[in-house]
Amino acid sequence: MSAALAPAGLFDCRDAYVRAVQELAEADPRIVAVVNDSVGSSKLGAFRDRFPERLINVGIAEQNMVGVGAGLANGGKIPFVSGAGCFLTARAMEQIKVDCAYSQANVKLCGISSGVAYGELGATHHSIEDVAWLRAIDTLTVIVPADPWQTAEAIKAAAAHDGPVYIKVSRMPVPELVRSDATFAIGKAETLREGADIAIIANGTLVHHALAAAQVLAGEGIAACVINMPTVSPIDKAALAAAAATGAIVTAEEGLSRGGLGGAVAEYCAQHNPVRMRMIGFPGFAPTGSAKWLMEHFGLSAAGIAGAARELLGMKAG
Amino acid sequence: MVSPEQHRHVEGVGVTTLEARTAHVRERANWMRRRLLAMIVDAGQGHPGGDLSAADIVASLYFDILRIDPADPSAPKRDRFVMSKGHCTGALYTALAGAGFFPEAELDTYLKPLSRLNGHPNRTYLPGVETNTGPLGHGFPVAVGIAVAGQIDKAEYRVFVLTGDGELQEGSIWEAAMFAGHRGLGNLTVIVDRNRLQQGASTEDTNQLEPLADKWRAFGWEVVEIDGHDPAILLAAFDDAAAPRTRPRCIIANTIKGKGVSFMENQAGWHHGVPNAEQYATALAELTR
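Chains as they are written, first to last, in my numbering: chain A, 1 to 318; chain B, 1 to 289.
One should not assume that every hint holds.
Here are some of the chain A residues that sit facing chain B, going by a computed Cβ distance under 7 Å [as the list claims (entries may be wrong)]:
id	residue
1	L55
2	N57
3	Q63
4	N64
5	G67
6	G71
7	G75
8	G76
9	E94
10	T191
11	D197
Derived from the structure by calculation, the hints contain no laboratory data. Yeah, the Cβ is synthetic: ideal placement off N, Cα and C, and Gly gets one too.
Chain B extracted, bound-state conformation:
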């Protein structure tokens, strides 16, 4: 098991200050963005909008916060991360590969026949995946169940779960939110990727989520609203999530769908979608600036 301090020294970066940690996460998130776009272009399909909005959140967790060991992916004491918005495999797979759960070269098999990198994550194929997701509203209740197990065992592991914002329209989310509040699951943190777009339109025009923070508070959660693209702010929020708590914590991460690629930003049309050669060149240029 890698301790938090050891973990922050992986890859010989020797990061200890928040500034250095932030720079490391920023570099990793940028790499994830470039790598996942390459995968999507190569595969000819994918969900770039949500991958890009989640990249900084996922990078902060996998490259700094999570106490995980790729050499022992089912260690009972590991921190858990559940990707409830299971379609964002570009973000998840690049993070898992970058963290050492499988070889980076395997990212080139994304969506190809018999690849372990399915369009939605499968734990029976791939180490590091906690539960299979894809249909929305599934990962979050499973994360609540993991947190209940940790609560019963007085275990030290923490459970992080990332949901989409459109996903919050699923009823199962609120069944689980109510129960997590009732149980006072202080070991549980949900991050809402609040990019305000679902696949066809804005969340507010489709089925209004606001006042979203009030909803979580009413279900017994502590709520913070932050910039979901600033690693310094994300790391500070996740560090704080590690403090002993008696209530579950909701981090509403305000994000931009398609973040980092100008022509994808805030465009519902890039929920799915594959850049053509010219667009891909533009995207890479923007991400390597």
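If we strip away everything but chain A, and leave its shape as in the complex, we get:
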């Protein structure tokens, strides 16, 4: 398998998310959306116009939003509970743990504009801890899609899955990846590029950077395989075993690497396939800067990933 970047433009995954939710809602009356005054930022205006009774806006009240979502699931609905990732996860963490996961309520949580998309608004509005926090919650499926197609597939898979799911929906512009094998399943990684020297495991907005990094490395004679790992929990252990077989792994994610995708990969490898690793992610609260600047500044870029790969392989930057 191989994948190249589609030349035609960049996309906001929120558009794919709303299209998928609306498509599901057309076919299934159980689908409802629950928001915290976030109709606009979740791009659910058209959904509200089409299904006024199925758009439940609780106002600015995230704890109640998630609790109400669990109640709607009890009443037979399939609620897509959508709000800015930072507030949905941090403010309503205990509701996510108890009302959704521990209760096994069929709630779909959508962390909109997560990561550092809010840039200059600062760390209050960044959602870089979400994957680390939510990955620790038993039975909660955590998905970080990489592009519009995968976002839509993740939404559809979440609706079909009986149980609580968190989906990190980015607003950062990303290209549509080109795939030879366009199938999506919860818990399955996809290998976008083969390579035996080193494995790059990425998800979300970092996947296209990982592919670009592999392209650069190939020019230096380094064969890097690129694994897109959208489901962080439960993680694809077979894919991790294959990645570890290369002897070196770089992880890349738009979030804290400690506890996030990087942490998940390290936990597996330390116990089953000890392997040298580098983790690309944010080290902590981000300083003032645009999203684009923050990503580049902290090496969440093709250059950053390639640099980590070279360092890991004991090579000098070319």
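Go by the hints and put chain B onto chain A.
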């Protein structure tokens, strides 16, 4: 699905008059009190104060009011009861067992390793539990969500949720109360177990709740204040809650923490606590008088 009329005939009691219904609930509540104290003594821990204050409310619902069928615990049209004060498992589990959701003998496993009867209710273990509770301020917003689903579907089921009074200090309660008022959830009834004590002291000395009825009214709720230990009054209030409404209903049930056991009544210290052998004998004697 059991109709209200059929339901009132369970166990061959043949209860139809309010007087007969009241006697049935009173007998069941008394049984619950004795049984839950036995469980707490056997387990060596529990929350007897709140269990005893809630017993008459919970008995009225499970042994008369709720349209539920233990043979089909997830029937879409069932009435819902949510125990938001999730630590009061003594009251909840005895009611569920008494209503037939699991064998009464299983009450003897309370809090023991791998028992389905955890210290806080878990719906994945036990049929009849609607949502897992324990941390305060969780069950009530979930009940509001169930009522929203019923409102959207124009369903006939009713949603009852029991909160503690100390629990009302949680902010999530008021987020949900505001939203229930805004939505005009006429299918929703909250019962506040107003025993005026939280675990360490009185509610009013800790973080004042009064004027409590005014607070609920200001959030768009109909409010009644009743004696939470008189089954006749409780049944009348719950019957009235079944009438078609356009606003959610709050029943402030004035109760006594530890009700029915003289040395536990109005004592914050019995929020947790396990009676010793002598105290247990005294309690049983008082409850079997």
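TODO: Would you check whether N57(A) satisfies its interface hint, that is, whether its CB is within less than 7 Å of any CB in chain B?
DONE: violated, 9 Å
TODO: Against chain B, run the beta carbon of G67(A) and see if the smallest gap drops under 7 Å.
DONE: This hint holds: G67(A) lies near chain B, its Cβ roughly 3 Å from the closest one there, short of 7 Å.
Open item on the list: Using the nearest Cβ pair, does G75(A) come within less than 7 Å of chain B?
Closed with: Holds, about 2 Å.
Task: Supplied contact hint for Q63(A), tested at 7 Å Cβ to chain B - done: Holds. Min distance 4 Å.
TODO: Closer than 7 Å between Cβ atoms is the bar; does L55(A) clear it against chain B? Give me holds or violated.
DONE: Given a least distance of 11 Å, the restraint on L55(A) is violated.
Open item on the list: Is the interface hint satisfied for N64(A)? The criterion is a beta-carbon contact with chain B at less than 7 Å.
Closed with: Cβ of N64(A) sits 4 Å from chain B, so the hint holds.
Open item on the list: Does the closest beta carbon of chain B sit nearer than 7 Å to the beta carbon of T191(A)?
Closed with: The hint is violated - T191(A) has no Cβ within 7 Å of chain B, the shortest such distance being about 35 Å.
TODO: Could you check if G76(A) really has its C-beta closer than 7 Å to a C-beta on chain B?
DONE: Holds, about 6 Å.
- [ ] Hold the hint about D197(A) up to the distance rule: shortest CB distance to chain B must be less than 7 Å.
- [x] violated, 46 Å
Task: Interface hint for G71(A), Cβ within 7 Å of any Cβ on chain B - done: This interface hint holds because 2 Å falls under the 7 Å limit.
Task: When the least beta-carbon distance from E94(A) to chain B is tested against 7 Å, hint result - done: Since the shortest Cβ distance to chain B is 6 Å, the answer is holds.
Comparing the model with each earlier hint shows violations of hints 1, 2, 10 and 11; every other hint is respected.
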